[in-house]
Each structure stands twice: as structure tokens, then as C-alpha cells.
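**Q** Residue-level listing of the chains:
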Amino acid sequence: MKLRPRVSLIPFVVILFLFALNGRLVFLIPLAFLAFFSYFVGSVFLILTAFFLIYHKTGDIYGLGIMALALFFVESAYLDREKAPLEHYAILLLAVLLSLPTFILMRSIAPLMPGFEATALAALILVLLYAFSKVVAD
Amino acid sequence: MGMEREFYPTGKAVHLLIALWGVVVLAFFFLRWDMAYLSLPMLWLLFIAVAFFKPALDVEVERILPHDRILEGEIVEIRLRIKANERIPSLKIDDDLPEGLEVVEGRSSFVASFSRGEERVFSYRVKVRRGIHEFGFVKLRYRDPFGFFEQEKTVELYSELIGVPRIEEVQTPYSTKGTKITVGPLPSPRVGEGVEFHAIREYQPGDPLRIINWKATARTGRIMANEYESERKVDVILIVDAAYAGKEVFDHLVRAAASLMLDSLNNGTSFGLLLAEEVPLWVRIDYGKRHFFKCIDLLSTARPDKNNMIAYQVKHLVRSRFPARAQILYFSPLITPESKDALRILYSYGYNVVVISPNPYSVIEPKNREEALALKLLTLQRKAHLKKLSAYGVVIDWDVNKPLKTAIAEVIKL
Numbered sequence: 001m002k003l004r005p006r007v008s009l010i011p012f013v014v015i016l017f018l019f020a021l022n023g024r025l026v027f028l029i030p031l032a033f034l035a036f037f038s039y040f041v042g043s044v045f046l047i048l049t050a051f052f053l054i055y056h057k058t059g060d061i062y063g064l065g066i067m068a069l070a071l072f073f074v075e076s077a078y079l080d081r082e083k084a085p086l087e088h089y090a091i092l093l094l095a096v097l098l099s100l101p102t103f104i105l106m107r108s109i110a111p112l113m114p115g116f117e118a119t120a121l122a123a124l125i126l127v128l129l130y131a132f133s134k135v136v137a138d
Numbered sequence: 001m002g003m004e005r006e007f008y009p010t011g012k013a014v015h016l017l018i019a020l021w022g023v024v025v026l027a028f029f030f031l032r033w034d035m036a037y038l039s040l041p042m043l044w045l046l047f048i049a050v051a052f053f054k055p056a057l058d059v060e061v062e063r064i065l066p067h068d069r070i071l072e073g074e075i076v077e078i079r080l081r082i083k084a085n086e087r088i089p090s091l092k093i094d095d096d097l098p099e100g101l102e103v104v105e106g107r108s109s110f111v112a113s114f115s116r117g118e119e120r121v122f123s124y125r126v127k128v129r130r131g132i133h134e135f136g137f138v139k140l141r142y143r144d145p146f147g148f149f150e151q152e153k154t155v156e157l158y159s160e161l162i163g164v165p166r167i168e169e170v171q172t173p174y175s176t177k178g179t180k181i182t183v184g185p186l187p188s189p190r191v192g193e194g195v196e197f198h199a200i201r202e203y204q205p206g207d208p209l210r211i212i213n214w215k216a217t218a219r220t221g222r223i224m225a226n227e228y229e230s231e232r233k234v235d236v237i238l239i240v241d242a243a244y245a246g247k248e249v250f251d252h253l254v255r256a257a258a259s260l261m262l263d264s265l266n267n268g269t270s271f272g273l274l275l276a277e278e279v280p281l282w283v284r285i286d287y288g289k290r291h292f293f294k295c296i297d298l299l300s301t302a303r304p305d306k307n308n309m310i311a312y313q314v315k316h317l318v319r320s321r322f323p324a325r326a327q328i329l330y331f332s333p334l335i336t337p338e339s340k341d342a343l344r345i346l347y348s349y350g351y352n353v354v355v356i357s358p359n360p361y362s363v364i365e366p367k368n369r370e371e372a373l374a375l376k377l378l379t380l381q382r383k384a385h386l387k388k389l390s391a392y393g394v395v396i397d398w399d400v401n402k403p404l405k406t407a408i409a410e411v412i413k414l
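Protein chains in written order, with our numbering: chain A, 1 to 138; chain B, 1 to 414.
Rather than coming from a laboratory, the hints here were simulated on the basis of the structure.
Careful, some of the hints might be misleading.
[Unchecked claim] Below are the DSS-like pairs computed for lysine-lysine, each with C-alpha atoms no more than 27 Å apart in a straight line: (1) B:LYS92 - A:LYS134; (2) B:LYS83 - A:LYS83; (3) B:LYS340 - A:LYS83; (4) B:LYS340 - B:LYS376; (5) B:LYS83 - B:LYS54; (6) B:LYS92 - B:LYS54; (7) A:LYS83 - B:LYS12; (8) B:LYS139 - A:LYS83; (9) A:LYS134 - B:LYS54; (10) B:LYS12 - A:LYS134; (11) A:LYS83 - B:LYS92; (12) B:LYS387 - B:LYS402; (13) B:LYS139 - B:LYS54; (14) B:LYS383 - B:LYS405.
Everything numeric in this text was worked out from a predicted model, so none of it was measured.
For reference, chain A alone in the conformation it holds in the complex (with noise of 0.2 Å):
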């Protein structure tokens, strides 16, 4: 047998030192290795990263970034078992990166809504969060 080398290797290697080094996320490094072969291990996994951030308060552009790189991990894992052309990592990625311009887009435009800026942006969040649905659901 052939073996394919491992796209997800390497945000599960970057994912290991982050986690290491933030100590507060290191005890999901073995969730993460389950997420090799599981997807919904997978979204567990994501939902337990979202839940460590947003009560440690780690936000910004690093809490995004780790979202960001445990998304890209969980579904290059999902690629890697489907055996994917290269192509549709970079599909992955250019997508999952895409959350970067779009939250600095969100946060230079938030002060110019004063006072309402946050709730705006959860709504718009929520909205777009059920067309998606719907759509997907549709």
C-alpha cells in the first residue's frame, strides 16, 4: 500500500505547539488526535477550542486564528480520508482564511457604529447564520 503523505499533519503539528504553549488548551491536544479519524470528534473538538477561548476571554485575531487553524485541521482530516486533490486544500484554506480580512473588516468598521456596533454585528452573525442553514437545509 501507498502511503499518501498527510495534509493534516501540518496544522495538527502547528495545533500542538499553540496548544502546548497557551497551556489552557494543551488537554485537547488528544481530542485532536482523535479528529484524525473522526469528523464528529472533529466539531466536538472545535466547539470544546470555541468554548476554552471565549471563557478565557482569547479573542482577537490569535482566538480566530486558532479557530481558523482547528477548522483547517478537522476538514484537511476529512480531505486526507477522502483522499482529495491538492486543490481542494487550497479551497480549504483560502476559505478558512478568508474569516482574517473579514473580522479586521468587522473591527475597523465597529466604531463607527457607536454603542450598537456589537449587537449589529451578533445580529448580522445570527442572521446570515440561518440563511446559511436554510439554504443548506433547502
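Starting from the known structure of chain A, arrange chain B on it as the hints suggest.
**A** Chain B alone, transformed into the frame defined by chain A:
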């Protein structure tokens, strides 16, 4: 091409959506709802998957069969030619495989990726059983590269494959001499002239010039002509008993009928066919290849039937359709009382009957001593029955493990 489309999220999409909602709910729960932005990567991924990877499944499908009539037991290659008019990263193709076809090589479903305008051919090999095999559709299933949603489309694509019965070489188990005037392998339109030399007589004005016997003319000094004997052939009627009780040997029964029908075609006799299913199928007496293929098509699709009333059907047709002095070939395992009655009826109307009776017990392999004994008893009982029935016609008891030719030769010393 008719279409039916479906688009639905996969379990994976549901997992990601739950994770997404989880992040939002957590952000609200901890009163840090501004941190809902942590769901941005997931939102982007879903957005891109839905917005850019939702194909219309614009695909042209063609099924290529080597021939629409295939001899039973043969292995044929079914090919699917797929042309994608758009880029499809991952397409699963499922062919609607009819039940009577057994895949012997490859599979009837394929997964492939297509670039725009790409055309590919997929193939698998099947073993054909006797009967009519219908392909109804090809099912296409698309999954986006991230596995978030699936789309299904059924392309109606009808093809038909007829498994025709295998034909064995047989000897004619009856005399082809009869009352009908025909010539050669196919009846000639020149009725009254045969090919067999009969006598020399004096040339009569109006006789065709080519029958003049020049040698005899020179010898006698008068114009002499050859006289030919007309070949008079018998009408053959094939009766196939589709009783459900004989379903184990039904394929053999049909093969025997097809073989003797071909033999009849080669002999130049005209033949008719009665397929005694629940609704009797009667093909009137005719001759020639076209007629032969029509009958073969009927035999190909014949099935054993539970409601068998062969005696009644034969009685009705004897009175209304069967010509007098026809040669009857009766194919029946002679298990049901109706099939035995049918034979008696044919005899009582004065027909010559040859019965080809495949022995239904010859296909059974006994598993233990009791079964072997039971089989022996049944075989003996059958032999006694057939002996009684041989008063009504020539009964050929066919052990289907042997060639039909041998079975015929054992009974009819040619």
C-alpha cells in the same frame, strides 16, 4: 431524458452547523457575545461550499449494449458513456442493474471526477440469463469536495437486453413428410416443383425449358423432360408447458423448444408456437427466419406460471387453430395433471405427438440418504407415469445433465 433532482445536507454538514451554533450559543452564554466572530471560519467555509460547488449535474449519459439479443449464459460488457458539460469534482454513477443480470467483472457503480466537457466510458461485465432485462435509469450522485451536501439526479435511460435461449444441435425426432408443399430449407414460391427427381416424361408445351433432359432427348429422339417430386412437409406445432411446478427445468424446456424450432426452420417446415402461460400465447403457423425470431423472442420472455390451464387451452386451440395432421412437439415436464390431460387430448384428436419431457428430478442433488431414497422413489413413479403416457405419443424422458441430442437418439432410432 427525464430528471428528478434532490439536494440535501449530509451528516457532516449537520455536525459543522451544530459546531457553528455551539460557538454562537457559548458566546452568548458567557456574555461575550461579540466573540461570536469565532464562527467566521465555519461560515466562510459553508458559504464557499454552497456558493461555488453546487453543480446543476448537467451530464449526458448513454448506455451502450453490444447487442439487444444475447444468448443466455453469455458474458457481455455494458458500457456507460458519460459526458459532463460542467466541472464536477466528485460524481458517483449508479446504473440500474436488472435483477436477471449477474455482474461478473467490475461494478455497476463508479466514482469519478470530471472536468468541463470531459467524456469518459465506464464498463462492467454481466452474465445474461434468459428473459427480458430492462435498464430503467442511471442515478447520479454528487458530493461537494467538503462533503457538506449531496445532490442526486435520476436520468431516465431505458435499454433492453433480451437473453435468448441457448440452442443445441438436435436430430429431428419426427418425419418431416406431410401434406404441405414446400421446397428446400425455405419454402419456394414455385409451388408444385420439388428438387427430388421423380421420372422422365415427354415434354409438354408450357413446361419450362430448363427441365428438358437433353441426354434423354438425344437418346429417344423426342423432347423429354424431367419430372420432379414435390416435397410435402408437415406442419409442426410446438407446445410449451409453462407450469410453475416444473420451474426447475423451465430453462431447459425453453432451450429444447428453441433448438427444435431451429431444426424445424432448417428442415423448411412451417411451425407454430403455443406458450401455455396463464394467458396462452399462440403464434400461428408460418415459416421463415422472421417468424423464427418472433417465436424466439416469445420464448426468451417466457416464465413459469402458477395458474396453468394447459389442457383447456390445448382443447380450445385444437378445435379452432391447429391444422389437421400436424406434428405436435410437446415440451412439458409432465408433472401436473393438466399437462398429462393435454397430451391425451392431442392424442384423441389424432395428432402425432413427440413429448420432450425434461426430468425435473435430474436437477436435484440429494443432500442425504433419505433424500436420495425419496428421489429414487419419485423417479420410479415418474418412469411409470411416462410409460403409461407413451401410449399417447413418443415420450422422450430427458435427463437434463445429458445433451438433448442423446436423449432423442435413445428413444428414436434414426
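**Q** Looking back at the numbered hints, which does the structure fail to meet, lowest number first?
**A** Violated hint (a single one): 3; every other hint is consistent with the structure.
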